[in-house]
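Fit chain F to the known structure of chain G by using the hints.
Just so you know, the sequences run in chain order G and F. In terms of the numbering used here, the first sequence opens at residue 48 and continues consecutively. In terms of the numbering used here, the second sequence opens at residue 48 and continues consecutively.
Mixed in with the good hints, there may be bad ones.
Same chains, same names: a pair is fine if it fits in one copy or spans any two.
To be verified - The list that follows gives simulated cross-link-like pairs (lysine to any residue, SDA-like), each with its CA atoms no further than 25 Å apart:
| # | residue 1 | residue 2 |
| --- | --- | --- |
| 1 | K149 | H171 |
| 2 | K287 | L155 |
| 3 | K287 | H157 |
| 4 | K113 | N82 |
| 5 | K287 | H161 |
| 6 | K167 | R144 |
| 7 | K287 | N82 |
| 8 | K167 | K287 |
Note that these hints are calculated values from the structure, not bench results.
2 protein chains.
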Amino acid sequence: MYNTPESASSKQPSLTLREAFAQTEYILPGHSDRNINVLQQAFADIDGDLSSDQYGRGQVIEDFQKQMADVLGKESAVFFPTGTMAQQIALRIWCDRHNSAKVAYHPLCHLEIHEEDGLKELHHIQSILLADQDRLITLADVKQMDQDIACLLLELPQREIGGQLPPYSELQAISEYCRKQGISIHLDGARLFEILPYYQKTAAEVCALFDSVYISFYKGIGGIAGAILAGPSDFTAESKVWKRRHGGDLISLYPYILSSKYYYEQRVGNMEQYYKEAVQLAQWMNKCTAIHTLPEVPVSNMFHIHFELPKEQIEPILIEMCQATGVGIVQYLTDKKEGAHCSTELVIGARYEHVPQDRIQKALAWLDQRLKEVTANQ
Amino acid sequence: MYNTPESASSKQPSLTLREAFAQTEYILPGHSDRNINVLQQAFADIDGDLSSDQYGRGQVIEDFQKQMADVLGKESAVFFPTGTMAQQIALRIWCDRHNSAKVAYHPLCHLEIHEEDGLKELHHIQSILLADQDRLITLADVKQMDQDIACLLLELPQREIGGQLPPYSELQAISEYCRKQGISIHLDGARLFEILPYYQKTAAEVCALFDSVYISFYKGIGGIAGAILAGPSDFTAESKVWKRRHGGDLISLYPYILSSKYYYEQRVGNMEQYYKEAVQLAQWMNKCTAIHTLPEVPVSNMFHIHFELPKEQIEPILIEMCQATGVGIVQYLTDKKEGAHCSTELVIGARYEHVPQDRIQKALAWLDQRLKEVTANQ
Numbered sequence: 048m049y050n051t052p053e054s055a056s057s058k059q060p061s062l063t064l065r066e067a068f069a070q071t072e073y074i075l076p077g078h079s080d081r082n083i084n085v086l087q088q089a090f091a092d093i094d095g096d097l098s099s100d101q102y103g104r105g106q107v108i109e110d111f112q113k114q115m116a117d118v119l120g121k122e123s124a125v126f127f128p129t130g131t132m133a134q135q136i137a138l139r140i141w142c143d144r145h146n147s148a149k150v151a152y153h154p155l156c157h158l159e160i161h162e163e164d165g166l167k168e169l170h171h172i173q174s175i176l177l178a179d180q181d182r183l184i185t186l187a188d189v190k191q192m193d194q195d196i197a198c199l200l201l202e203l204p205q206r207e208i209g210g211q212l213p214p215y216s217e218l219q220a221i222s223e224y225c226r227k228q229g230i231s232i233h234l235d236g237a238r239l240f241e242i243l244p245y246y247q248k249t250a251a252e253v254c255a256l257f258d259s260v261y262i263s264f265y266k267g268i269g270g271i272a273g274a275i276l277a278g279p280s281d282f283t284a285e286s287k288v289w290k291r292r293h294g295g296d297l298i299s300l301y302p303y304i305l306s307s308k309y310y311y312e313q314r315v316g317n318m319e320q321y322y323k324e325a326v327q328l329a330q331w332m333n334k335c336t337a338i339h340t341l342p343e344v345p346v347s348n349m350f351h352i353h354f355e356l357p358k359e360q361i362e363p364i365l366i367e368m369c370q371a372t373g374v375g376i377v378q379y380l381t382d383k384k385e386g387a388h389c390s391t392e393l394v395i396g397a398r399y400e401h402v403p404q405d406r407i408q409k410a411l412a413w414l415d416q417r418l419k420e421v422t423a424n425q
Numbered sequence: 048m049y050n051t052p053e054s055a056s057s058k059q060p061s062l063t064l065r066e067a068f069a070q071t072e073y074i075l076p077g078h079s080d081r082n083i084n085v086l087q088q089a090f091a092d093i094d095g096d097l098s099s100d101q102y103g104r105g106q107v108i109e110d111f112q113k114q115m116a117d118v119l120g121k122e123s124a125v126f127f128p129t130g131t132m133a134q135q136i137a138l139r140i141w142c143d144r145h146n147s148a149k150v151a152y153h154p155l156c157h158l159e160i161h162e163e164d165g166l167k168e169l170h171h172i173q174s175i176l177l178a179d180q181d182r183l184i185t186l187a188d189v190k191q192m193d194q195d196i197a198c199l200l201l202e203l204p205q206r207e208i209g210g211q212l213p214p215y216s217e218l219q220a221i222s223e224y225c226r227k228q229g230i231s232i233h234l235d236g237a238r239l240f241e242i243l244p245y246y247q248k249t250a251a252e253v254c255a256l257f258d259s260v261y262i263s264f265y266k267g268i269g270g271i272a273g274a275i276l277a278g279p280s281d282f283t284a285e286s287k288v289w290k291r292r293h294g295g296d297l298i299s300l301y302p303y304i305l306s307s308k309y310y311y312e313q314r315v316g317n318m319e320q321y322y323k324e325a326v327q328l329a330q331w332m333n334k335c336t337a338i339h340t341l342p343e344v345p346v347s348n349m350f351h352i353h354f355e356l357p358k359e360q361i362e363p364i365l366i367e368m369c370q371a372t373g374v375g376i377v378q379y380l381t382d383k384k385e386g387a388h389c390s391t392e393l394v395i396g397a398r399y400e401h402v403p404q405d406r407i408q409k410a411l412a413w414l415d416q417r418l419k420e421v422t423a424n425q
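Isolated chain G, as found in the complex (with noise of 0.2 Å):
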């Protein structure tokens, strides 16, 4: 037998890099698939009779967001159906009171490059991009901003860049520096609690160098949607009636306040394991032939894997080891350096632990071969 080109085309280049990572034995990362099945669990043993929350009032949302403003350390918490809404409310706020409309932030913030400008169309506010796109912000940048900023950012871990994490003694002089000069500072906390255990602190010791700090359920925690954003009582008051205007106040948000509150309780103490399971990973990838990780020591759950070759030469590779490894890594490919490289992103959950530590070696060792058999022949 030999396989007729019907046959060859059906078995490879028909599938999709993404097609063919859904279909592996194991994937490697996040939590589980995203379908119903995350709602059905949440909500298999709550009470029916339990009532639900009604435009932001009642025990289900009450409760939640005082649960959160516990952990966070701060006087009051309020939840919202995003992250973009809750944040463009936030920095709002602090621009009102501040009596301007610019902000600071990294020039890959999630509210400069995933949001449609919402911050400047909605709410007219400038934003200041510090320091350069692959690289944190310093403390030295914000010393340099113009003293007419109502807020500055900070996103921890900087997501875009692979999830890297300044120094925790720069953190604190940034936000001394900031409450020395009247500046307002936020934390885009999507991803608070995966860098806790890099940093040994709790949520509310990070927090508590912030004014004001919006965390994400779907992240981390792997709920279904959903973010908290914390801060003064009278700040979170003022971002109620935002919440409305925006056209976020639901009459019922349970849907993501119970999944949410769910998934947090089984999740948030497995952080550290996800760390260091992405430590692993990255130490095993980085001795990958022309792949290297950002950063190259993880310092949370999360990292960028680099190819140092073009994406239309790795994504067949890749589709391929999905296939003959039944191992997923990766389901997507970004092109970098002007197509000469390309890379993703990886982020270990709940799925990583049950892959067995061979197969991931296996699968690895496969791709390195590949990767050495296609530079030996550049």
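For chain F alone, coordinates are given in the frame of chain G:
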């Protein structure tokens, strides 16, 4: 045995109207309690492997949007977390296209009284109020509008005045006039399905009179939350950009989408029954002393009950009625006519058919008797 002051006080004045209402054997309005069971029921039979929508993409959201676009007879439809968000965005798009920042609507429009002025604060759009607040917008009002209005919003039925409707011919004339004048016309159809039995029209027939339409899934449909905005494809494409700006482009909206679909399919066929039941109940209520309904003959499943006495006189009677008859009709009262009268809203849903007719009539006879006594003593 006689009632001690304690037991007497525990019997009546200690309960609020809302509490007494909730404790009745038969509740007249609505579909069910707003509790977690509403979600659990909708998700009980859904395959757990079904994939979540992802930032507005995926089968779950695209199929439902297509279904609703077809129902409404529009090119395209977008699922939104709230009507507040959907309608502000609709008006913003029409304003941008007309290069005007003026829209016209009723003085008791949802955007004017329930949204913390989001339209003005976020979009800087000015509202021109048509008609008086106690009557419907007429063709004459529309003809007197400034010519630089970008969009006219009509709410059908006009909820805050009991759910009134213009004659269908007037609606057609208003639509025709707007189109001739190049003014966009948007339908606040939060209760669109509820009015179709009165007009004897399909949703698509009514929507054909409008350039864009919003519908809600937690009023007559009785879902958890969520809305659809429908219109031309270029309009809905633009609305998705604004949805992201508002923070409404959740990674997963399926908790609302799938429950909306579930309850839509369960209840959209019942609107004629709810409407007829409302007509019957209003007729009975209008026979009670010191009560009239608005409209006198309902044109949908809703009406307002007006009591021709002050709230402080009516409230204890209604609490007593809940306890004496076991039938809950009214759960809150709003002051009217500077405190001389009071009113409430009544919406018929799935519950009504399970209440024995004789219990309703006995309860109303009890109420009529008490109101006779009170008015006789004045």
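Right, here's what the structure says about each hint:
1. K149 x H171: both (9 Å within a copy, 19 Å between copies)
2. K287 x L155: Between. Shortest inter-copy distance 22 Å satisfies the 25 Å Cα cut-off; intra-copy 27 Å does not.
3. K287 x H157: Intra 22 Å, inter 18 Å, cutoff 25 Å: intra and inter.
4. K113 x N82: between (29 Å within a copy, 21 Å between copies)
5. K287 x H161: Both. Shortest intra-copy (23 Å) and inter-copy (13 Å) distances satisfy the 25 Å Cα cut-off.
6. K167 x R144: both (18 Å within a copy, 19 Å between copies)
7. K287 x N82: between (30 Å within a copy, 23 Å between copies)
8. K167 x K287: Answer is both: 20 Å inside a copy and 17 Å across each meet the 25 Å cutoff.
In terms of the numbered hints stated before, the structure departs from none.
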